[in-house]
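A.B. asks: FYI, this note's numbering numbers position 404 of the sequence shown as 404, with every residue one higher than the one before it.
Think of the hints as simulated: they come from the structure by calculation, not from any bench. The structure presented is a predicted model; accordingly, all values stated were derived computationally and were not measured. One or more of the hints may lead you astray.
Mimicking DSBU-like on lysine-lysine, the simulated pairs with C-alpha atoms at most 35 Å apart in a straight line are [unchecked claim]:
1) Lys223 - Lys535
2) Lys12 - Lys22
3) Lys22 - Lys270
4) Lys175 - Lys103
5) Lys223 - Lys249
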Amino acid sequence: MHWWHLQKLKFKDAKARLEALKKLSSQEDPDNLEIILSLFIDEDTEIRKIAALEAGKFRNEQATRPLLKLLSDREPAVREAAISSLRRIADPLVVDALEPMLKDPDSAVRYRAASAMESLNWTPKSPELSAYHAVALGKPERAAYHGSAAVEALVFALQSSVGYKRQEIIDVLSKIEDPRVVKPLIAVLRDNDSNVRANAVEALGRVGDARATEPLIASLKDKDNRVRAAAIEALARIGDAKSVPPLAKLLKDSAWEVRIAAVQSLGKFKDASVIDPLVGCLKDKDRDTRQAACLSLGMIGHPRAIPALVISMADEQESVRNAAAMALRMIDPEWESSDLVKIAIPGLREAARSSVYWVRQSALAVLARLGETEGLSGKQDAPDISDPAQVRRMFAFDVLTAVLKETDRDLRQAGAEALGRFGDRRATKGLATALDDNDEWVRVAAANSLQSLQWEPADTEQQAKHIVVLHHWDEAVQLKAAAVDPLIRALKSAAHADRSAAATALARIGDSRAKVPLQPLLRDPHPSVRLAAAKALKTLRWVSPDPLLRAIWHVELGEWEQVLPLGPAAVEPLANAAANPQENAQNAEIALALLARVDNPAAVGKLLVQVYNERLAAAIVPALELILTNRAADVSDDNLRAVLTMINPHVTPGSLSDEPVAPQELDCDPLRQLALIELNRREDEVRAE
1 MHWWHLQKLK FKDAKARLEA LKKLSSQEDP DNLEIILSLF IDEDTEIRKI
51 AALEAGKFRN EQATRPLLKL LSDREPAVRE AAISSLRRIA DPLVVDALEP
101 MLKDPDSAVR YRAASAMESL NWTPKSPELS AYHAVALGKP ERAAYHGSAA
151 VEALVFALQS SVGYKRQEII DVLSKIEDPR VVKPLIAVLR DNDSNVRANA
201 VEALGRVGDA RATEPLIASL KDKDNRVRAA AIEALARIGD AKSVPPLAKL
251 LKDSAWEVRI AAVQSLGKFK DASVIDPLVG CLKDKDRDTR QAACLSLGMI
301 GHPRAIPALV ISMADEQESV RNAAAMALRM IDPEWESSDL VKIAIPGLRE
351 AARSSVYWVR QSALAVLARL GETEGLSGKQ DAPDISDPAQ VRRMFAFDVL
401 TAVLKETDRD LRQAGAEALG RFGDRRATKG LATALDDNDE WVRVAAANSL
451 QSLQWEPADT EQQAKHIVVL HHWDEAVQLK AAAVDPLIRA LKSAAHADRS
501 AAATALARIG DSRAKVPLQP LLRDPHPSVR LAAAKALKTL RWVSPDPLLR
551 AIWHVELGEW EQVLPLGPAA VEPLANAAAN PQENAQNAEI ALALLARVDN
601 PAAVGKLLVQ VYNERLAAAI VPALELILTN RAADVSDDNL RAVLTMINPH
651 VTPGSLSDEP VAPQELDCDP LRQLALIELN RREDEVRAE
C-alpha cells in the first residue's frame, strides 16, 4: 500500500494528503524522510506542521536546512513544530539559527526556541541577548538582573504577551532605573485589560518621572475604579502641582476607594485651595473617607479648617473623632482658644440633640470642654433597684445573657434577638462575642441587636465581623485585611447571594489568604457563586497546579481558548457546562462545540462515561472519531474495546427548544470500525514479533 499513500500525497484534497502523511509516518521507514521533507511547501498548515514534527523523529542532519527554512513560515504552529524537530536533531547549525526566534511575534514560538537553546547548551553572546532569552522563557525577573540591558527585551515582550504576563513585565520594568522605561509604561495605560492598566499606573508612580504626569491625569477618567485610585496615588508620588485641580474633582467620585485616595493625596500637596472641598468630605457617607479628610486637613495646616474639624469631633464613629482631634492639634495646639471655634458652636449644639448616642455624648463632651454647656444636660438614666419592675428586668437581662452560651442554637438565636429589643447596652459585650458563633443565624441575630443598641466596636476586627454579618459588603472592603477572615466565613453562607457577594468583596480587597477558601466555590451548585469565585481568583492571580480545577476555572470565566489545551481535564467541566443550557444557553453551546474538538487520547475514557447523555452524545461521538482518526495508536486497549462494545447513543435534536423532540439514534459503526482497525494492527505487530 506504500505506492497508494504516495499517490494520495498528490491529491487536491488536503484531508487525503494529511491521512497519507500520517500513514507514511507510522511506517518508520528511513526512505520516507525525503518524501516528508517535500511536504514542507504544502499549502496546508496542518500538513506542514505534522511534516515538520515527523522530520525530527528521524534525527537526521539531512533535515536540518529544510527545517531551518520553516523558521520563516507564516504560521506560528509550523515554526514551533520546526523548532521542536531541530531540538531533537541537535545539529551545530541550529543554536545560532534559533537566536532570531527569541524575537518572534508569537510568544509560544519564542518559548519553544528559548527552551531548545537551553537544552542545546547555548551561551549568550551579550547581556541583551540573555535578557531576550529569559523573557522568552517567561522569566522577566531573571532578565532584570541585566539592568538597562534588559529594557529592550522587556518592552518587546510587553507589546506581545498575554495580560497576566504583561502585568509581571510591568512590575519588573518599574524596578529598572532607566529613563527608557517611562514611554512604554505610558503606552500601556491604554491597554484593554484593566488589571494591566492598573499595574502600569502603579509602576509609573514608583518610577516617579514627571513625564508621566499628563498621561496619569488622563487615567483619572478611566472607567475602572482601581485604575483611577492607583492614578491618584501615582500622581501624589510624583508631586506635580498641576495634578491638584483634577484630583479635587474626584472628591465626589461614586467609588469610595477613589474618593479616599483623592482625599489622602491632596493632603500631601499642602495646597490651601482644596480646604473647602476637603471640608465637604467630612460629611462623606464613608467613615474612612471622613477620617482621611480630617488627617489631610491637618497636614495642610490651615486654620480655616478648624470649625469643621471641631464639629467632626462629634462624629458617630470614634476613629473619625480621634482623627479630627489629631488634625486640630496639628493645625493649632491651642485650638480651643481660637476665635474660629465659635463658628462650630451651633453645629455642636445641634449634634447634642442627636438620637445617635455617641454623637450626642461626643458633642456634649466637646461643648463642656469649650465651656458651652448652658441649657444642655448629659445626665444618663440608671436603674432603680428599689423598684420591683426594675429588679425583674435586671434578672431577665442576666438570664438572656446566659442563654447566649447555650448549646441549643435556637435558644442562642432567641436570646440574641431578645437582648436587642431589651435595650440595655450592657448586652453589647455578650452579643459581640456571639458574632463568632458557629451558627449563621445566631450571628445575624447578634449583629442586628448590636446595631439597634448603637454598639461601637472595640477595634477593626470586631467591626469587620459585625458589618460582614449585616451584609454591608462595601464597608467590609474598606476595612481590607481585617475583613478577610469574616468574609471567608461568609463563603459558607446558606444563601448563594451572600456567598457570591463575599467572594466579590474578597477580590476587591485582594488578600492572597482568600485563594484557598475560594477554590471550593468553583464547584458550587449555584452558577452566580461559581462565576464570582472564578473572577475573584483571577483578580488574585491564582493559577492552580491541578489541570481539572484550572479547566473548571477557565470554563466559568468563558476563557474557552485556555480549556482544550488542558487535555482530558477539559472533558468534565465542558460536559457540565454543555449539559446545563438553563444556566447559560450561549456557554452551553460553546462548550458543546469544544467537546467535539477534544483531541487527546487520555480523554477517551472520560468521554465514554458521558456518551449516553442525550444532550452531549452528538458532540462526544465526533470527539471520539477525531481522536481515533488522528491518534488511535495512543489509546489504551481497554478504551478501544469499550468503544467496540458501545451501544448507539441517543441524541435529542434542538434540545434547547421548548417543544418536545423525539430522540434519534446516532450511528457509531464508523467509530467502532476505527477501534477495530487499531486493535487488529496491534495484534499483527504482536504476531510479527
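A.B. asks: Are the Cα atoms of Lys22 and Lys270 separated by 35 Å or less?
C.D. replies: Status violated; Cα separation ~74 Å.
A.B. asks: Holds or violated: Lys223 with Lys535, Cα cutoff 35 Å?
C.D. replies: 18 Å, holds
A.B. asks: Can you confirm whether the C-alpha distance between Lys175 and Lys103 stays at or below 35 Å?
C.D. replies: 23 Å, holds
A.B. asks: Given the hint that Lys223 pairs with Lys249, test it: the Cα-Cα distance must not exceed 35 Å.
C.D. replies: At roughly 15 Å apart (the allowed maximum being 35 Å), Lys249 and Lys223 satisfy the hint.
A.B. asks: Starting from Lys12, check that the Cα of Lys22 is at most 35 Å away, please.
C.D. replies: Holds - the C-alpha atoms of Lys22 and Lys12 are around 17 Å apart, at most 35 Å.
In terms of the numbered hints stated before, the structure departs from hint 3 and from no other.
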